[in-house]
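Sequence order for the protein chains is W and U. For the first sequence, our numbering begins at 238 and goes up steadily by one. For the second sequence, our numbering begins at 2 and goes up steadily by one.
Just to be clear, a hint being listed does not mean it is correct.
As the list claims (entries may be wrong) - Ranges between beta-carbon positions, derived for each pair:
| no. | chain 1 | residue 1 | chain 2 | residue 2 | range |
| --- | --- | --- | --- | --- | --- |
| 1 | U | Ala139 | W | Leu256 | 23 to 33 Å |
| 2 | U | Ser127 | W | Leu454 | 15 to 25 Å |
| 3 | W | Leu453 | U | Ala153 | 26 to 36 Å |
| 4 | W | Arg386 | U | Leu87 | 14 to 24 Å |
To be verified - Taking beta-carbon pairs under 10 Å as the criterion, some of the chain U residues facing chain W (in silico):
| no. | residue |
| --- | --- |
| 5 | Ala85 |
| 6 | Leu218 |
| 7 | Glu227 |
If you are wondering where the hints come from, they were derived from the structure by calculation, not from laboratory data. Everything numeric in this text was worked out from a predicted model, so none of it was measured. Heads up, the beta-carbon is just placed ideally off N, CA and C, and yes, glycines get one too.
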Amino acid sequence: MWSASFWACFLGCSTVLALVVPAFNLWIPPSSAIALPDYAVPLLGKYLCYALLALSLDLIWGYAGILSLGHGAFFALGGYCMGMYLMRQIGARGVYGNPALPDFMVFLNWKELPWFWWGFDHFAWAAAMVLLVPGLLALLFGWLAFRSRVTGVYLSIITQAMTYALMLAFFRNDMGFGGNNGMTDYKDILGWDVHQPSTRLGLYIASATALGLGYLLCRFITSSKLGRVLLALRDAESRVRFLGYSVTNAKLFVFIVSAVLAGIAGALYVPQVGIINPSEFSPANSIEIAIWVSVGGRGTLSGAVVGAILVNAGKTWLTGAAPETWLFALGAIFILTTLIFPRGIVGLLRETRWIRRRAATAIAAGEQA
Amino acid sequence: MNSTAAKETLLYLNGVTVSFDGFRALNELSLVVTKGELRTIIGPNGAGKTTMMDVVTGKTRPDIGEVFFRGTTDLTRLDETEIANLGIGRKFQRPTVFENLTVFENLELSLADSRSTWKALFTGPSDERRDRVAATLARIGLAEHQNQPAGALSHGQKQWLEIGMLLIHDRALLLLDEPVAGMTDRETEETAELILDLAKDRTIIVVEHDMAFVRSLGARVTVLHEGSVLAEGSIDHVQNDPRVIEVYLGR
Numbered sequence: 238m239w240s241a242s243f244w245a246c247f248l249g250c251s252t253v254l255a256l257v258v259p260a261f262n263l264w265i266p267p268s269s270a271i272a273l274p275d276y277a278v279p280l281l282g283k284y285l286c287y288a289l290l291a292l293s294l295d296l297i298w299g300y301a302g303i304l305s306l307g308h309g310a311f312f313a314l315g316g317y318c319m320g321m322y323l324m325r326q327i328g329a330r331g332v333y334g335n336p337a338l339p340d341f342m343v344f345l346n347w348k349e350l351p352w353f354w355w356g357f358d359h360f361a362w363a364a365a366m367v368l369l370v371p372g373l374l375a376l377l378f379g380w381l382a383f384r385s386r387v388t389g390v391y392l393s394i395i396t397q398a399m400t401y402a403l404m405l406a407f408f409r410n411d412m413g414f415g416g417n418n419g420m421t422d423y424k425d426i427l428g429w430d431v432h433q434p435s436t437r438l439g440l441y442i443a444s445a446t447a448l449g450l451g452y453l454l455c456r457f458i459t460s461s462k463l464g465r466v467l468l469a470l471r472d473a474e475s476r477v478r479f480l481g482y483s484v485t486n487a488k489l490f491v492f493i494v495s496a497v498l499a500g501i502a503g504a505l506y507v508p509q510v511g512i513i514n515p516s517e518f519s520p521a522n523s524i525e526i527a528i529w530v531s532v533g534g535r536g537t538l539s540g541a542v543v544g545a546i547l548v549n550a551g552k553t554w555l556t557g558a559a560p561e562t563w564l565f566a567l568g569a570i571f572i573l574t575t576l577i578f579p580r581g582i583v584g585l586l587r588e589t590r591w592i593r594r595r596a597a598t599a600i601a602a603g604e605q606a
Numbered sequence: 002m003n004s005t006a007a008k009e010t011l012l013y014l015n016g017v018t019v020s021f022d023g024f025r026a027l028n029e030l031s032l033v034v035t036k037g038e039l040r041t042i043i044g045p046n047g048a049g050k051t052t053m054m055d056v057v058t059g060k061t062r063p064d065i066g067e068v069f070f071r072g073t074t075d076l077t078r079l080d081e082t083e084i085a086n087l088g089i090g091r092k093f094q095r096p097t098v099f100e101n102l103t104v105f106e107n108l109e110l111s112l113a114d115s116r117s118t119w120k121a122l123f124t125g126p127s128d129e130r131r132d133r134v135a136a137t138l139a140r141i142g143l144a145e146h147q148n149q150p151a152g153a154l155s156h157g158q159k160q161w162l163e164i165g166m167l168l169i170h171d172r173a174l175l176l177l178d179e180p181v182a183g184m185t186d187r188e189t190e191e192t193a194e195l196i197l198d199l200a201k202d203r204t205i206i207v208v209e210h211d212m213a214f215v216r217s218l219g220a221r222v223t224v225l226h227e228g229s230v231l232a233e234g235s236i237d238h239v240q241n242d243p244r245v246i247e248v249y250l251g252r
């Protein structure tokens with residue numbers, strides 16, 4: 238599981254993502270054909286955030302059979318926590334120049350900051366909330382659902398309902414999160430200007446680091462004994478209970494870890510795209526995450542990363558070239574994946590490698606005989 | 002009778018009734034199993050054999066009636082996980098092994114050790130665990146299949162693997178639901194030997210249709226019919242009971 242070849246592969250991929258990409262931006266002159274233009278850095282950073290989000294879904298879907306179709310909610314909550322911090326950093330530089338209140342509150346004629354905005358002036362508080370808010374929602378939601386043994390398609394439906402309800406709530410101006418418009422017009426993060434190429438490069442590297450650490454954490458969990466308990470309960474849940482394992486606890490644990498990872502992904506995403514609004518909660522977004530994972534190959538972890546990056550790169554290209562065709566293409570990709578390679582890209586690669594290796598051993602055995 | 006009554010009662014069911022949509026799967030069933038006993042339960046389809054196991058293992062809650070383990074533990078208040086951790090193991094009618102895990106991993110998960118989610122995160126492979134799995138693999142004759150996914154085993158091998166999972170789990174009470182269903186004659190014979198061997202140091206309840214197999218176990222037989230006990234005694238005793246012949250054996 239943690240062999241030398243694994244580490245070589247992991248470190249190789251991490252180096253490319255975290256170091257080589259920035260190098261092409263910094264040290265190759267912009268006139269060169271292989272240079273990475275400044276605008277592409279936050280775009281790639283966004284892909285990495287999506288990859289972390291996909292990874293978090295693969296942990297629960299691929300390994301524990303929990304298909305959450307509302308995972309975008311945890312991502313959006315993490316994003317909102319970061320958005321609130323970024324709003325507080327604007328200070329008196331807003332359109333209305335009010336030092337105490339963000340623009341949308343001034344616009345709504347609010348006189349003072351709502352209590353739940355307290356503390357968001359400080360990065361440490363916001364960072365803690367990025368972890369706590371999605372984590373606590375996952376604890377509450379998961380505890381109710383798993384204790385009542387809601388599984389399969391029913392669980393998928395109630396996760397959709399959860400993200401839909403949150404979307405409607407965040408659309409309301411009275412909620413105090415900017416309503417329909419969400420939060421935008423950020424100025425700086427930890428004192429650095431968010432529009433500066435160097436800040437964006439820093440955010441990109443932070444995203445790559447979070448993705449790498451998130452991957453190692455997921456791999457640690459899935460290769461432990463708990464990982465085998467998860468696989469076992471995915472296939473025969475009641476049998477696991479009769480062995481004396483608590484299915485509720487095991488599911489709850491990975492569900493919370495997954496929600497926290499999704500929240501971190503959302504928090505890194507917001508400063509790179511420059512906005513957070515309630516559409517991030519839309520059920521369609523959450524369904525897209527499941528498509529990324531199945532394209533890459535569920536239950537493989539690396540497949541989630543590959544799937545998220547490839548599908549989103551395809552989306553960027555196609556929405557530029559022929560915007561009206563994107564949804565059809567997405568649907569086609571999903572149908573093709575389901576019908577032709579249900580194990581996804583990584584699953585398919587592993588399968589062919591396995592068949593080749595078997596063929597090689599068969600030939601070797603034949604030569605001996 | 003006196004010698005039985007003097008022994009410690011391990012499992013006690015009294016007046017247990019379970020209804021599904023008006024159908025009484027169990028009808029005031031009362032049953033006492035003493036510690037160390039090997040008991041076989043027979044009965045026609047729908048007699049309530051599997052429902053009885055569901056009640057004992059917490060899968061089904063009785064409408065009325067008492068179910069006690071070791072005299073004082075009320076099983077009707079506990080869920081499957083808690084009951085399993087009291088020391089009650091179960092083998093299902095259809096072999097249910099974890100098909101996507103290897104034979105080795107199936108046994109490793111069944112090992113009698115901590116069931117904590119947190120500890121499972123930090124439990125790595127150890128020589129001690131590996132040795133215990135290897136010993137069980139040898140006993141159920143699946144040593145050369147240990148790295149295969151359990152889904153690739155034959156039906157009989159899956160039955161054996163499931164028995165091996167109970168074996169390594171080391172439970173005080175085992176409930177075996179049709180352990181030789183779908184086995185060849187030779188496998189059936191070997192399973193009977195294994196069960197007799199297991200019965201030396203634990204209590205076992207076997208539900209079975211195969212009369213030759215029940216006879217080979219040579220244990221006390223309880224006949225269930227329409228959710229309650231029709232007859233109880235040695236195999237010869239129940240086979241000669243006219244009521245038993247009428248509802249079951251005579252058909």
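- Item | Cβ separation of Arg386(W) and Leu87(U), checked against the hinted range 14 to 24 Å | holds (21 Å)
- How about Glu227(U): closest beta carbon in chain W under 10 Å, or not? violated (26 Å)
- Task: Would you check whether Ala85(U) satisfies its interface hint, that is, whether its CB is within less than 10 Å of any CB in chain W?
- Result: At 4 Å from the nearest chain W Cβ, Ala85(U) passes the 10 Å test, so the hint holds.
- Item | Distance restraint evaluation - Leu453(W), Ala153(U), Cβ atoms, bounds 26 to 36 Å | At roughly 31 Å between Cβ atoms, Ala153(U) and Leu453(W) fall inside 26 to 36 Å, so the hint holds.
- Going by Cβ atoms only, is Leu218(U) closer than 10 Å to chain W? Check failed: Cβ of Leu218(U) comes no nearer than 23 Å to chain W, outside 10 Å.
- Task: Look at the Cβ atoms of Ser127(U) and Leu454(W) and judge whether their distance stays inside 15 to 25 Å.
- Result: At roughly 23 Å between Cβ atoms, Leu454(W) and Ser127(U) fall inside 15 to 25 Å, so the hint holds.
- Task: Could you see if the CB distance from Ala139(U) to Leu256(W) stays within 23 to 33 Å?
- Result: Given about 51 Å between the Cβ atoms, the range is violated.
Hint violations for this structure: numbers 1, 6, 7, all remaining hints satisfied.
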